[in-house]
Structures are given as structure tokens and as C-alpha cells.
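Asker: Using the hints, position chain B against chain A.
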Amino acid sequence: MPVSSPSPRATPSPAPATQTILDVDNLHVEFQTPDGPVVAVENVSLTVRKGEFLSIIGPSGCGKSTVFNVVGGLLTEHGGRVSIEGETIVGPHPSIGMVFQEESTFPWRCVIDNVAFPLEIAGVAKAQRMERARHFIDLVGLRGFERRFPGELSGGMRQRVSLARTLASEPKILLMDEPFAALDEQTRLLLGDKVLQIQQELHQTTLLITHNITEAVQMSDRILVMSYRPGKTKRIVEIDLPRPRTSEIVGSEAFGRYVAQIWADLREEASRGMQDDETSRVSHKASS
Amino acid sequence: MTRRRMNLYAGALGVGSLIVFFALMELLIQIGVLNRFVVPPPSEVLLSFERVIVEEDIAHRFLMTASECLTAGVMLTVFGILGGVLMHRFRLLQQACETWVAALASAPVVLMYPLFLVIFGRSAWTIIMIGFTAALPPVILKTLEGLSDTRKVLINVGKSFNLTPTQSFWKILLPAALPTIFVGVRLGLIFALINIVGVEFLINYGGLGQLINELAERYDLPGTYAAICFVILVSVLFFMALERIERWLRPAH
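Sequence lines, in order, name chains A and B.
The numbers in this note's numbering rise by one with no breaks, and the one at position 123 of the first sequence is 123.
The numbers in this note's numbering rise by one with no breaks, and the one at position 86 of the second sequence is 1086.
If you are wondering where the hints come from, they were derived from the structure by calculation, not from laboratory data.
Check before you lean on any hint, since a few could be wrong.
[Stated by the list, open to error] From chain B, some residues computed to sit far from chain A (all C-beta separations above 10 Å):
id : residue
1  : 1067
2  : 1093
3  : 1103
4  : 1160
5  : 1217
6  : 1239
[As the list claims (entries may be wrong)] Derived, one-sided and incomplete: chain A residues facing chain B with beta-carbon distance under 8 Å:
id : residue
7  : 72
8  : 74
9  : 92
10 : 100
11 : 118
12 : 121
13 : 169
The structure presented is a predicted model; accordingly, all values stated were derived computationally and were not measured.
Glycine included, each C-beta is placed from N, C-alpha and C at the ideal position.
Only chain A is shown next, with the shape it has when bound in the complex (with noise of 0.2 Å):
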């Protein structure tokens, strides 16, 4: 259910490709807990179109990473189907590169080994995969560190390694699941603004999981709200930004009418969330 956007002055961004490439239909997932089964996900439905940036968005305990672990196939148990251009998804897909909430290097391997590793999985010869390493870790802004550990990174800079791994694959989907989270504002202002470049300059289809929505409106072309427990659609919003966008975008007045048009939905639900929290807290106490 698209909604009006709020007349942003700024100059609309290029119309997407229609084609669709992510389908999911009627997603259903329950989980069995000790107090009995939870419904995680309830019926929600999304495309995601070639070339486009999708966020979900929604408050904590709304199902978004369980939508990650689904659309990336480390968790096969749900309802609905869920499809790569028609392909129902059974198990990890190569079509799709998963960027995760957590660190994700690997500690013992420097950083262009990182990078190469879906490659070296791939079978690629060792000086091919090296030179395409070199590519992404230029393309993520890295490059002079490619003999440095992990260990010897910022945060940020790690974040990036993980990216830089996961475009290696050449993943037909970017699925990311709050890859900034760990970081300060600024870093995530300027590593959206790495993501957003990237994204542009490989028109890379991608699915952003995350809960901010600063984040969400400076990067996406779409963005769909999720309701709190159980997590259904419960909007989705058209951003209609210009692009090539950066993170100076963050002080127009369109990009605050829209931050404020989401918070408004996401408001209701993550006071929910705190007071269901809250509640499991007192009666956990209680029998405790």
C-alpha cells in the first residue's frame, strides 16, 4: 500500500526497473517457546525489483531478521513461499550475499583473504581472485590494507571487509541485516554513503534489515513498516529522494518529512514492544 509522499522539493529519483527479482508471498513464522508457540511473522509480503533498495523496517521483537534468516535460506521452517526470479528459495542461495548484524571477519585471515574467500570456494585460480579482491576492496575504500587483520581494524573498517566479501560473490541480492548497528552515527553516515555509492555505481539490488530510520530513508527507494509481534506489513513508503543521493541529504526538509511520516507509524508499534516488554519482565519476576 504505497502512500503519498510528502512533496519533497528536491528532484524525484529515476523510475526502478519494474522486473521483479525477490518475491515473497504470505510469509508465515512460528516459533515454539516454553509459554507455548509465537508467531513471529504473520502473512507479510514484499517484491523487491532489479536495481532497487528495499529497507524493512521495524521496531525490536518485529520479526525483521527472522525475514533476513528466511530471504538468505538459514531458516527453512515457515509459511508462504519465497522466490529468486521464480526459484522458490529451500536453502542459501548463491543468487543472494547476506551481510550480517555481527562482526563477521574471519579473525585468522587478512583482509584480502576475507574478500577472496567466496572465490577461493568458487574454485577461482589464486591470481585471479587476488586481482578481484583488489577491485572491491578499492571499491569499499580499503585499499592499503589488504595484508591487515582484522584485529588491526576499526569496527567500520571491518563492516566494510564484510561487504567487500560479500560483493565478491557478485550476489544478484545484497541482504543486509543492520550492518551498522554496532557503530556511532557518524561512521554509519559515512558507511551508508560507501553503501549507497556502490549500490549506485553496480545498480546492486538490495535488501536492508534495519531499525533506524535515518538509515532507511537515506539509502532506500522503498521502505516497508512492520508492525510489532506478531510482525505483519504495515505500510510501505515511497521515498521519492533524487539520487545519486550522500548523507547530506540528511538536512533536507523532504528527508525530515519523511523520517517524521515513518517514526509517526513506527511510534505506536515500538511503544507496544516496550510495554510487552516490560510486562514479560514483571510477570517474569513474578513466578521467578
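Answerer: Then chain B, alone, in the frame of chain A:
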């Protein structure tokens, strides 16, 4: 301060504190606070080195203890890591055996030397097998711990790149567990060396343990302490070699 300079200062401080300790011992013994018939003065221990090396065939004994330790070390690394991997792979095996392996870790295996003598005879194999049996549990348990504690996100990265279980083991699980496995191998080597020297001492069969026994029975205390220094040397050499292997296998810590 650069890392190199820091290492230099640390090394100098370590050697310096050892020299201060020996000087203090020497002083306390010379002024009669410590009994020289219980603790020999460090200067006498130092002088006895030449005698122990020339008269007691130390090179042969040193090599014997070192080769027993090396054999036990290789065996416990191979079988210990294999045991840990199997217990990690097969949950039933882990549930069935983990408690027993942990119990074996604290058992005084050295007291079972008569049994090993019956099985292997009065040979180096009795010594090696006691060292191996006593040192195996920490390697198994630490391998299991290292593999089980591998961060889930790293395993998920492997899954996202469609790694087979074998690729996942060699490319992710094993390298991630390596530091913990090396802790186990280090502990194992300590256990093995203690038991090897102890059994050499008990069954009077060659090596540095037998030499310590003989010198102690002759009440040659400076010589006994000099022989103990050679046992420490074996330990130091093994630890240095292990550190090099670990750095080669996993350059970043």
C-alpha cells in the same frame, strides 16, 4: 612505545627479576637464613652444570626425555584433536563420554604405572603411554570447547556461501577453534612432561627423571637442581616450537 621496544623491556624485566631472585636466594643461604643442605646455593648449582653434563651423559638423557615427550606430544595432538572433533560431530558420543574424559583429566594416571609396566614392559613405551594417557583429556576437552564455541555468525557466513560440511570444518570451524585447541595441546604437553619425568623417576628407566633420582639418592643437591633445569629446558623448547607452529597456522591472534 613501539611493540619491539616493549618486548625488549619485558624480556629484560623477566631475566632481571630471575637474577634478583637467585641473588636473594644466594644471600639468604650464605647468611644462614636458609639451610644449604635443603636448598643448595645457586652458585653451586651453576658450577655443577659442567659436572652433570660431562659425567652424567646428559645429552643422551636429554634426548631420551625429549623424544619420549615428542612422541607423546604428537600422539596426543593427533588422537586428542580427533577425539574432540568426533565428540563435536556426534552429540551422542559427547553426551556419553564427556564426563568420563573430564574425570580422567583429574585422575592420577601415574599411579597406574604397574599396569602399564605389565602391558608394555620396562620400556620407553610404558613412559610414553602414561604421558599420553594423562595428557589426552585436556586436548580432547579443549578441542571440543573450541569447536562448540565457534561464533554462530561465522558458521552462517559459511552457509551463506553454500559451503559443504567438510569445507565448513576446514575453512571455518577448525581455524576458529585453533587458539583454544592450542591451549589444550599446551596443557597436554605440561601433563605429558610431568608424567614422563615422574615415571622415569619411578621405574628408573633412563632419561632425566632417572638422573634426578640417582643424584637425589647420592644427595647431590646442586646436581639434582641442575638436572631439573634440563627438564625445564625440554619444556621451554617444546613451548617455543608450539608457539612457532601456532603462528604459522594462524598468523593473527
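Asker: All the hints need checking, so say for each whether the structure fits it.
Answerer: Here is what the structure says about each hint:
With 10 Å as the threshold on Cβ separation, the claim that residue 1067 of chain B sits away from chain A holds: the shortest Cβ distance comes to roughly 32 Å. Remark: the non-interface label on residue 1093 of chain B is consistent with the geometry, its nearest Cβ contact in chain A lying 27 Å away (cut-off 10 Å). Every CB of chain A lies more than 10 Å from the CB of residue 1103 of chain B, the least distance being 32 Å, so the non-interface label holds. With a closest Cβ-Cβ approach of about 4 Å to chain A, residue 1160 of chain B is found to fall inside the 10 Å limit, against its non-interface label.
Separation of residue 1217 of chain B from chain A is adequate, the least Cβ-Cβ distance of about 50 Å exceeding the 10 Å criterion. The beta carbon of residue 1239 of chain B sits about 21 Å from the closest Cβ of chain A, which is more than 10 Å, so the claim that it is off the interface holds. Proximity of residue 72 of chain A to chain B holds as hinted, the smallest CB-CB distance being about 6 Å (cut-off 8 Å). The beta carbon of residue 74 of chain A comes within 6 Å of a beta carbon in chain B, closer than 8 Å, and the hint placing it at the interface holds.
Taking 8 Å as the C-beta cut-off, the interface hint given for residue 92 of chain A holds, the closest approach to chain B being about 5 Å. For the restraint placing residue 100 of chain A at the interface with chain B, the shortest Cβ-Cβ distance is roughly 5 Å, inside the 8 Å limit, so the hint holds. Proximity of residue 118 of chain A to chain B holds as hinted, the smallest CB-CB distance being about 5 Å (cut-off 8 Å). The closest approach between the C-beta of residue 121 of chain A and any C-beta of chain B is roughly 5 Å, which is under the 8 Å cut-off, so the hint is satisfied.
Hint on residue 169 of chain A holds. Least Cβ distance to chain B is approximately 6 Å, under the 8 Å limit.
The earlier numbered hint that this structure contradicts is number 4, and it is the only one.
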